[in-house]
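Asks: Sequence:
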Amino acid sequence: MSLRPHENIRIRTASLLRELLKEIAEKRYEITKDLYSSILLKLLEPEKITVLMPQEVRVGAERRWIDMALGSSMVFEFKSSTREFEDAERDAKEKYWGIVSRARFFIVTNWDKWRVYAVTEKGLESAGEYDLDRIVEVLRAEIIPQIKEFKIPPIPKNVEALYRLDYDEIHGKLQRVFSTLKNSPRVRPLYEAYKSIMSMLYGGGSETFYEDLFIRHTYMQMAVLASLASALGIVERPEAICSGAFLNVDMASLDIALPYLNWWRVALHDPQLQRDVRWVLNMVVMRASMVDWSLGAEDVFRMLYEFLIEQKVRRELGEYYTPLWLVEMMLREFDLRERIVLDPFCGSGT
1 MSLRPHENIR IRTASLLREL LKEIAEKRYE ITKDLYSSIL LKLLEPEKIT VLMPQEVRVG
61 AERRWIDMAL GSSMVFEFKS STREFEDAER DAKEKYWGIV SRARFFIVTN WDKWRVYAVT
121 EKGLESAGEY DLDRIVEVLR AEIIPQIKEF KIPPIPKNVE ALYRLDYDEI HGKLQRVFST
181 LKNSPRVRPL YEAYKSIMSM LYGGGSETFY EDLFIRHTYM QMAVLASLAS ALGIVERPEA
241 ICSGAFLNVD MASLDIALPY LNWWRVALHD PQLQRDVRWV LNMVVMRASM VDWSLGAEDV
301 FRMLYEFLIE QKVRRELGEY YTPLWLVEMM LREFDLRERI VLDPFCGSGT
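Residue numbers for the sequence shown follow this note's numbering, so the first one is 1 and each next one is one higher.
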């Protein structure tokens with residue numbers, strides 16, 4: 001009987017599933033040539049993304065954890081021995097049903113043996129027990145192909161990887177569109193309003209600096225708004241999603257975007273510029289739709305912001321969230337154990 005450390009099983013399982021996903025995504029792309037499969041392949045090939053939750057997955061607000069989830073499609077429990085498999089099934093029904101019930105499959109393994117359950121409205125139904133060689137074929141041919149759209153867990157590393165992908169091309173297209181429109185009567189006032197705010201912080205920044213920062217903040221706003229729309233399950237035109245024009249309260253539109261960062265909407269009326277803008281919009285919206293926002297709340301945009309806005313600029317601007325270095329200093333310098341810290345300056349959940 002095999003007895004393997006819990007973490008060893010998790011790492012091996014994550015590696016196996018990553019390879020199977022890549023293989024299946026390649027086959028799908030050969031047939032469909034769709035944008036979704038193309039992006040997923042780019043993320044999987046260099047292993048830029050943590051396809052599975054990095055370690056444990058919190059179940060709601062309760063202090064209970066499942067071992068791993070493949071998006072919202074599969075939930076995994078790892079055991080050292082097959083003697084513990086029955087305990088895993090019982091815990092899934094009694095402790096973790098809130099998250100297990102949303103999945104299609106619940107799988108228990110000690111790596112050598114795999115027990116698969118189909119998740120139904122009535123509970124867990126046994127779908128078979130397999131050894132390692134056989135489960136690879138079952139996953140490849142029967143289980144993973146049932147996942148029509150693979151959703152990525154909402155953790156900072158994943159969100160950064162999604163929006164960092166093809167960033168140079170995205171930035172280049174937005175920059176070219178802005179360079180064409182920056183002196184137009186509709187775009188110039190928006191840029192000058194943004195620049196006046198930034199210049200109060202920087203003073204002597206160059207025009208090139210402000211324009212580059214303008215493009216970076218534009219892309220950041222698009223990403224955040226598209227993610228919000230995806231999390232709320234809103235289906236709209238890409239331009240409505242990326243501009244924030246998708247929220248309505250009492251039949252009235254709720255504007256949540258910074259208006260000067262929506263300058264790109266002017267380009268939609270220009271036949272020569274709208275192609276580049278629509279390409280960017282489609283890329284942003286597709287990335288947002290690939291995240292399973294139901295899996296939990298975390299400071300997901302921290303790493304993306306740190307990538308888009310370099311450290312020196314962030315320090316001068318002021319962080320939009322309480323950075324981890326400051327949190328670590330607070331924990332190191334003050335006795336905060338078992339105390340609640342209220343942070344009115346943090347807008348992201350650090």
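Bear in mind the hints are in silico, worked out from the structure with no lab data behind them.
Backbone N, C-alpha and C fix where the C-beta goes; we use that ideal spot for every residue, glycine too.
One should not assume that every hint holds.
As the list claims (entries may be wrong) - Estimated spans, in silico, between C-beta atoms of each pair:
id	residue 1	residue 2	range
1	Leu342	Lys93	34 to 42 Å
2	Arg265	Glu129	53 to 61 Å
3	Lys93	Trp279	46 to 54 Å
Asks: Each hint should be assessed against the structure and marked as holding or not.
Replies: These are the hints, each one checked on the structure:
1. For the pair Leu342 and Lys93, the supplied restraint of 34 to 42 Å holds, since their beta-carbon distance comes to about 38 Å.
2. Separated by about 56 Å at the C-beta atoms, Arg265 and Glu129 satisfy the suggested range of 53 to 61 Å.
3. At roughly 47 Å, the beta carbons of Lys93 and Trp279 sit within the given window of 46 to 54 Å.
Hint compliance for this structure: no hint is broken.
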